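A.B. asks: Protein chains in written order, with the working numbering: chain A, 1 to 227; chain B, 228 to 527.
Think of the hints as simulated: they come from the structure by calculation, not from any bench.
Quantities reported herein were computed from a predicted structural model and do not represent experimental measurements.
The C-beta atom is built at its ideal place from N, Cα and C for all residues, glycine as well.
Any given hint could turn out to be false.
Said to hold, decoys possible - Mimicking EDC-like on lysine to aspartate or glutamate, the simulated pairs with C-alpha atoms at most 16 Å apart in a straight line are:
(1) Lys-73/A <-> Glu-320/B
(2) Lys-93/A <-> Glu-320/B
(3) Lys-359/B <-> Glu-325/B
What the hints assert, rightly or not - Below, a sample of chain A positions facing chain B; criterion: calculated Cβ distance under 7 Å:
(4) Arg-79
(5) Arg-89
(6) Leu-91
(7) Val-106
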Amino acid sequence: MIELRNVTKSYPNGVHALNRISLSIEDGEFIYIIGPTGSGKSTIIKILNGEEVPDSGTVVVDGINVGALKHRKVPYYRRNIGCIFQDYRLLPKLTVQENIAFALEVLGISKKKIRKRVTEILDLVDLKEKARAYPDELSGGQQQRVTIGRAIANKPKLLIADEPTGNLDPEKSKEIMELLEKINAMGTTVLMVTHDIVLVEKFKKRTVTLDQGFVVKDSKKGGYVSL
Amino acid sequence: MFLFLKCLPRLFSQANKDLKRHFVLTFSSSLSIAIALLMAMVMTVLAVNVSYFTENIEEQLVIQVSINPTFQNDEIENLQDELQTIKNVKTIEYSDSEEELDKLIKDYGETFAQYQGEDKNPLYDVFLVELKDNAKIEETTSAIQKLDGVMEATYGTSTVNTMVQMFSGLRIGGMIFVAALIFLAIFLIRNTVKLAIQVRKDEISIMKTVGATNWYILFPFVLEGMLTGFFGALLPSLFCVLGYTSLYNALNGTLMSDMFTLIKPYPFTIYVVLMLLGIGILVGMLGSYLATRKYLRWTR
Numbered sequence: 001m002i003e004l005r006n007v008t009k010s011y012p013n014g015v016h017a018l019n020r021i022s023l024s025i026e027d028g029e030f031i032y033i034i035g036p037t038g039s040g041k042s043t044i045i046k047i048l049n050g051e052e053v054p055d056s057g058t059v060v061v062d063g064i065n066v067g068a069l070k071h072r073k074v075p076y077y078r079r080n081i082g083c084i085f086q087d088y089r090l091l092p093k094l095t096v097q098e099n100i101a102f103a104l105e106v107l108g109i110s111k112k113k114i115r116k117r118v119t120e121i122l123d124l125v126d127l128k129e130k131a132r133a134y135p136d137e138l139s140g141g142q143q144q145r146v147t148i149g150r151a152i153a154n155k156p157k158l159l160i161a162d163e164p165t166g167n168l169d170p171e172k173s174k175e176i177m178e179l180l181e182k183i184n185a186m187g188t189t190v191l192m193v194t195h196d197i198v199l200v201e202k203f204k205k206r207t208v209t210l211d212q213g214f215v216v217k218d219s220k221k222g223g224y225v226s227l
Numbered sequence: 228m229f230l231f232l233k234c235l236p237r238l239f240s241q242a243n244k245d246l247k248r249h250f251v252l253t254f255s256s257s258l259s260i261a262i263a264l265l266m267a268m269v270m271t272v273l274a275v276n277v278s279y280f281t282e283n284i285e286e287q288l289v290i291q292v293s294i295n296p297t298f299q300n301d302e303i304e305n306l307q308d309e310l311q312t313i314k315n316v317k318t319i320e321y322s323d324s325e326e327e328l329d330k331l332i333k334d335y336g337e338t339f340a341q342y343q344g345e346d347k348n349p350l351y352d353v354f355l356v357e358l359k360d361n362a363k364i365e366e367t368t369s370a371i372q373k374l375d376g377v378m379e380a381t382y383g384t385s386t387v388n389t390m391v392q393m394f395s396g397l398r399i400g401g402m403i404f405v406a407a408l409i410f411l412a413i414f415l416i417r418n419t420v421k422l423a424i425q426v427r428k429d430e431i432s433i434m435k436t437v438g439a440t441n442w443y444i445l446f447p448f449v450l451e452g453m454l455t456g457f458f459g460a461l462l463p464s465l466f467c468v469l470g471y472t473s474l475y476n477a478l479n480g481t482l483m484s485d486m487f488t489l490i491k492p493y494p495f496t497i498y499v500v501l502m503l504l505g506i507g508i509l510v511g512m513l514g515s516y517l518a519t520r521k522y523l524r525w526t527r
């Protein structure tokens, strides 16, 4: 359960990224956040994963007041949140399975458990036969699936996807969407920031439209509605 | 803590991998540290030896108080009591003119034997006064000079005094120099680790995204810095043990005269080596901490 109440954030350069935003997201929901560049989408992500602190208002994720988190506690909070990015951010010198295992190694999980979990994930993202391949040997869609695998390796409650289909063609985008829906069906809340109108129209979900730091539309039915 | 122990092998292998990855960089910074520590080592050895000389010389510093020869025994005792009341005085030893002559003959040869015998002895009876604080030797001497019945109060020569002062100056100068070199070494390691961080920037950002704690990210870098410092300290350590020992043997343990006795190489060099290794590791730790601190801070 995510609850944003009157969240305001402005940057030192004077940009008001968010203006008194209130939003609540239930567990297990799939939600799009759309809007033009500079509408505050990235800021919402940064606030949710603890990178930025709101100037005012409260952000509560799963009972944790994110804005009030101590520096020391941020890494532990981060473990509840999986992040995927437009540019994949895989380690080029590690194979697919090593990339996924890396996220678990960092948390000090035993090798046996890591191996088991990596196999599960490779199965889920359908990359079993590519387990020993390096990222540059994969297509964009496959790389993005590895990123998704890495993000959900630790079984986070919330998956944040920052334009996951930004670099992909429609066919591959559809693949990624289906994977995200599968993960969502397993109980993970998915929050997806996107520009891709076609996808929003095709996979209709709750859609929040941001513009200049305000929520201008919150449609439960979904679909892109021109302002 | 348990997590820490479990992660330890992985963190060590990470640091090892890093060291190999930029071997040239590590090697050059190790070498620079080695040179800095080498100079620091030479300065330390010099400073410690100089202070050892000073102690030796200061131990030999004695005020010689010549007593008026007309004084009788009870008057001499009175004088001794008076001397005792002077603040800086540690011990007073009485030595009559014959003993003094014997000493003279022993030190400078039989030519002085001609003065032996009643009435021929030109020397005075003396008190040999040792001081608590040799730095105040001049004040104390002039205080003794004013006492009744004192013919003369002298201590060695003024050259001894200037030498003592020069040595202490040298010691302080050496310490400042060593401190500057250590500062330089910290700076060198900081830069090395900064470059290592640049190389692994992507990895670090991913680690942060998936929720690695700061110490987990930091530890390999600190380890790397410590190892660099340690390697840097090895060379000067070797120089210290071999170089100082052979110098000591070549000079037969003294420098020019018996007044400058060198410190025995064992266990002295062991202490210096431990100090060098300690400084190397500490400097490495500090340098890499300074380098990582900025990069690993949460931007919130």
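A.B. asks: Please go over all the hints and tell whether each is borne out by the structure.
C.D. replies: Okay, the hints, checked on the actual structure:
no., hint, verdict
1, Lys-73/A <-> Glu-320/B, "violated, 72 Å"
2, Lys-93/A <-> Glu-320/B, "violated, 82 Å"
3, Lys-359/B <-> Glu-325/B, "violated, 28 Å"
4, Arg-79, "holds, 4 Å"
5, Arg-89, "holds, 6 Å"
6, Leu-91, "holds, 6 Å"
7, Val-106, "holds, 4 Å"
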